[in-house]
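Novice: Please take these sequences and the hints and turn them into a complete structure.
These protein sequence lines map, in sequence, to chains E and C. The opening position of the first sequence corresponds to residue 1 in our numbering, with each subsequent residue numbered one higher. The opening position of the second sequence corresponds to residue 1 in our numbering, with each subsequent residue numbered one higher.
Worth flagging that the hints you see were computed from the coordinates, not collected in a lab.
For each label pair, taking beta carbons as the anchor points, the in silico distance ranges come out as:
{"id": "1", "chain 1": "E", "residue 1": "Asn64", "chain 2": "C", "residue 2": "Gly3", "range": "30 to 36 Å"}
{"id": "2", "chain 1": "E", "residue 1": "Ser30", "chain 2": "C", "residue 2": "Ala82", "range": "38 to 44 Å"}
{"id": "3", "chain 1": "C", "residue 1": "Thr5", "chain 2": "E", "residue 2": "Gln2", "range": "26 to 32 Å"}
{"id": "4", "chain 1": "C", "residue 1": "Asp62", "chain 2": "E", "residue 2": "Arg41", "range": "26 to 32 Å"}
Looking from chain C toward chain E, a few residues come up when the C-beta cut is under 8 Å (computed):
{"id": "5", "residue": "Met41"}
{"id": "6", "residue": "Gly42"}
{"id": "7", "residue": "Leu43"}
{"id": "8", "residue": "Tyr48"}
{"id": "9", "residue": "Asp102"}
{"id": "10", "residue": "Thr103"}
{"id": "11", "residue": "Gln104"}
{"id": "12", "residue": "Phe106"}
{"id": "13", "residue": "Gly107"}
{"id": "14", "residue": "Pro108"}
Cβ atoms here follow ideal geometry from the backbone N, Cα and C, with glycine treated the same way.
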Amino acid sequence: AQRVTQPEKLLSVFKGAPVELKCNYSYSGSPELFWYVQYSRQRLQLLLRHISRESIKGFTADLNKGETSFHLKKPFAQEEDSAMYYCALKKYGGSQGNLIFGKGTKLSVKP
Amino acid sequence: NAGVTQTPKFRVLKTGQSMTLLCAQDMNHEYMYWYRQDPGMGLRLIHYSVGEGTTAKGEVPDGYNVSRLKKQNFLLGLESAAPSQTSVYFCASRATSGGLADTQYFGPGTRLTVL
Chain E
1 AQRVTQPEKL LSVFKGAPVE LKCNYSYSGS PELFWYVQYS RQRLQLLLRH ISRESIKGFT
61 ADLNKGETSF HLKKPFAQEE DSAMYYCALK KYGGSQGNLI FGKGTKLSVK P
Chain C
1 NAGVTQTPKF RVLKTGQSMT LLCAQDMNHE YMYWYRQDPG MGLRLIHYSV GEGTTAKGEV
61 PDGYNVSRLK KQNFLLGLES AAPSQTSVYF CASRATSGGL ADTQYFGPGT RLTVL
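Specialist: Listed below in structure tokens is the structure:
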């Protein structure tokens with residue numbers, strides 16, 4: 001079964017420190033993965049998608065098929081990065097491309 | 001464009017009451033979704049729709065019904081609310097073609113409390 005695991009409920013770092021939010025997935029095929037972010041009192045929004053190989057707000061995420069991971073990284077965290085982060089996997093098998101979300105990691109960046 | 005809007009923003013119900021949550025999108029998207037967000041559980045899909053007049057069950061459909069009579073609207077109904085349905089409900093939509101076809105656009109959420 002397809003599954004997304006975010007092992008950390010809460011991650012707390014100091015401003016300027018590197019940050020890595022972990023995401024592991026289970027899927028035997030070629031996955032399509034996303035990171036969504038929810039800032040305080042705002043709606044969820046797409047942060048980045050692995051097929052775009054982009055860097056958004058200084059964040060990057062690399063797909064590692066060997067480790068079945070899609071960790072989100074930023075070299076120098078900022079206070080405005082504090083938010084809830086969700087990793088998501090596109091579901092296959094007749095489900096119209098629905099997303100399977102992880103349980104989320106709350107990132108807190110301290111001054 | 002307003003994007004995805006949800007009505008109401010907050011609601012308090014008593015056990016057994018019914019209500020309907022409205023989701024509207026002005027992006028001409030075919031797909032629409034209803035999720036619930038609970039602490040420690042992440043986002044779970046309740047129901048979804050791949051087009052006007054069609055709906056399908058998601059991961060946690062029990063206790064909910066949906067309708068998609070118009071392409072731009074997706075309604076979520078609770079016929080007999082239970083405390084276990086206390087949650088934040090999010091609606092989302094996505095296109096079926098184009099470079100951002102896999103991107104889901106979310107509404108602001110509806111915070112529902114069932115007493």
